[in-house]
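Colleague: Spelled out, the chains give:
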Amino acid sequence: MIAFLLAQTIAISGGTVYPVSGPKIANATVLIRDGKIVAVGTGVAVPSDATRIDATGKWVTPGLIDGAGQMGLVEIGAVAGTREALLKGDTIAASFNVAEGINPASVVISVTRIEGVTTVLAVPAGNLVSGQAVLIDLAGNTIEEMLIKSPVGIVLNDSETGKDFAGGSRAALVERVRRVFRDALEYERRRADFGRAQLRPLSASAADLEALLPVLHGQEPLIAYANRRSDIESALRLAREFKLKLVLAGAQEGWQIAGEIAQAAAPVLVEPLDNIPSYDALGIRYENAGLLAKAGVKVALMETDTHNSRNLRQQAGNAVAYGMTWEQALRAVTLSPAEIFGVADRYGSLESGKVANVVVWSGDPFEFTTGVEHVLIRGKEIPLKSRQTELLERYRKLPPTY
Amino acid sequence: MRPWLLLLFTLTGGCATGAARPAGKASPAPAQAPAPAKPATGDSTSVDRPQYPSTYRRHPNPPVLIRNATIMTATGQEIPNGSIFLKDGRIVAVGAKVDAPADAVVVDGTGKYVTPGLVDEHSHLGVYAAPGTDAESDGNEATNPVTAEVWAEHSFWPQDPQIALAIAGGITTIQALPGSANLIGGRSAVLKLIPARTVQEMKFPGAHYGLKMACGENPKRVYGQKGGPSTRMGSMAGYRGVFIQAEGYRRKWDKWNNDHQGDLPDRNLRLESLAEVLRGDMYVQNHCYRADEMANMLDLGREFGFRIRSFHHAVEAYKIRDLLAAAGTGAAVWADWWGFKEEAMDGIKENAALLQQAGVRVNIHSDDPSGIQRLNQEAAKAMYAGVRAGIPVTRDQAIRWVTANPAWALGLDSLIGTLEPGKIADVVVWSGDPFSVYSRAIQVYNDGWLVYDRNDPAHQPRTDFQLGQTPAAGGRNDR
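Sequences listed follow chains A and B, in order.
My numbering puts the first sequence at residues 3 to 404.
My numbering puts the second sequence at residues 3 to 481.
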């Protein structure tokens, strides 16, 4: 889109800036040029041609990053024709990258971004190995424009539902994964033999084994959804055995072994408002995010309901109510997910050189009283409009005007 | 008028809110509330026999004075530095200055907020209990599109661990409903949310039963390949067909009850529930998303002479808020759920605010074991969404969305839902403004009983299921 290419300078001035990478700065300016942040602080010289956004009395933060969901991969939950996140027929779907399933025209995108979430992880679902998750900005007319990083990592379903794809036992699940990992390494060593059909049958397709190699070489994380303590420990064990870069997701009983997780340096994606017990996590509780953070685990937050990814800030506020510090919670929806997803050089904080995903809030972003005043994605101001605001305007007065 | 209805009216305090009333001489709290004049509630007028009566008994609690708190009465007042005095299960006095006897337990409310106990008009606690296995899936009798004969209370499991979680969220009363697979899913259970061994011990004395009805996608989806209905018009024909039968049934029984002539009519459990709707004794609680379908259902009510008490979910209610206001039908909505199916695509966050503005009795419901733990937060979201869009909503109106209005929808607004002298002492003390994301319920009184205290492990009830299996809500078991 041409607008993306036009040189544009924007100065957001007068607000309290929360760079996340450092302490808050009162009455500061965030200067943006050509989609990037070029200066943050007090006493920033604003060029005369800059578009000015007055943020006096407002709070300025990086755009929020949701570490979960199927944004762009589902339009209407109950309509199969609009769902793209689940690959059927391949339980080890390591080569299934969801990027090309994303619909940049999804109405969920505008509903989400006008409430301050600018970046999300789009995550494949189901199976034993679900596929490859990708990170997208919530702006752009094409998939290419939206993509930040693809893949971010490969998703393992190390849970009660995952074992259904491994014969119905958690023991078999772990062993199945181990066999697949070993076969991937074997495949890599003997590609030529595989080509000549001189290799024993492997436990997954060549494409899936090939896709696992960056994970097995520690270049990409394995994102393991695991909730029961024993499942989390299985994921940690696999990571040790294969020297993986591990990201835990869900980790509902993670608080019980927070020290162990911290020691393994495994970051965790947590949904703070999860507390309904199931046999997959009887120990689930609101304090999970706070207790993990307290133990020194790097925590990023998730809102797994794609249509209400905008409630990520409510998740963060509740994480504070149940034990995180406010600063930890803000980091857990900005810089920490950027670090976990390997894009902290470009995202997650308000610093010179970073991509200008910036939100101006009327107050504390986690409070219900607070509204979004301005959203910038890649330095471009996003109109605060969605299909929902159109419905509101149509029905503000009855009868509606069609 | 039946005796228990009389009882309801006489218990209602008529005092203006905020007016301090002398607490009177202290006396030990009696262990039990006076027994209702007629023990069974919701009895069918078709037959004269007790039907699964409530065995609820008030739990003893010393008198309690909460003082120096911000009191949100849900009657139009927010009293700063106010006090409230609870005794023998009743609110005795509310105001800027309240006298209390020396033996009252004094709770320092400095910096804290007090609201009525929260009421969730739409819950599946107990009928879709955690841990969520097939064994606990008891909410949809999906064997026939019309199952008016089933009663949610006969599925309800009092040991559902979600009950303890909801109590910790400030909920004191729920309507537990059958699911929405069927056109008519069965009777609801209106329950006091307290630890109990049996559902009878939780049944709210004097509450009207609700009849769960469902429009739209769900019955079509469930029965489309199982004999129908497979269309929305088929669903309408389905409701009309059974209500026509119910009219005949009611006529026969009303005549017999009047003259006792001839043989006793045959008893039919399904039609008995529907006849109660026709008599106005049972409230229709109608799962319905789309505006056009709600309009059809209002017409159904007109055809058979009943008023739909409230539409549940009602994501498009804002489109027909004038019709709802004119019909006197309420709406139970979410703050922001949308998009999970086609009939939920037009949900907007200003729904509740627009309904309020049009004079519809709107409440925020959960339909969800997670959401029920933070109805205050959901009300806050819906309030501020309205305010930001220029639709005026007061804090009092928003607190009524989760207290007085759902109480009205259950026919209990003369007993619960506001902080007024004479009302049942269902009271929540919050750590701060209940509309802040950082606030939590710290004390919950149900009928004057301190059922939950965040700072006291002795008042953090756990269901049998939780023992030895799940951590306590208040933060014990930090290993």
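Calculated from the structure, these hints are not laboratory results.
Be aware that a few hints might be false.
What the hints assert, rightly or not - Straight line, CA to CA, 16 Å or less: simulated EDC-like cross-link-like pairs of lysine to aspartate or glutamate:
(1) Lys247/A x Glu235/A
(2) Lys222/B x Asp324/B
(3) Lys343/B x Glu235/A
(4) Lys399/A x Asp324/B
(5) Lys245/A x Glu235/A
(6) Lys90/A x Glu188/A
Claimed, not checked - Now the in silico label distances, taken between C-beta atoms and shown as ranges:
(7) Gln53/B x Glu162/A: 46 to 56 Å
(8) Gly229/B x Gly169/A: 33 to 43 Å
(9) Asp458/B x Arg348/A: 44 to 54 Å
(10) Arg51/B x Glu162/A: 24 to 34 Å
(11) Asn29/A x Asp136/B: 45 to 55 Å
(12) Thr135/B x Arg180/A: 48 to 58 Å
(13) Val49/B x Thr163/A: 26 to 36 Å
(14) Ala28/A x Arg199/B: 23 to 33 Å
Each residue gets a CB set at the ideal place from its N, CA and C atoms; glycine is no exception.
Colleague: Are any of the numbered hints broken by this structure? If so, which, sorted upward?
Modeller: Hint check: 2, 3, 6, 7, 10, 11, 12, 13, 14 fail, others pass.
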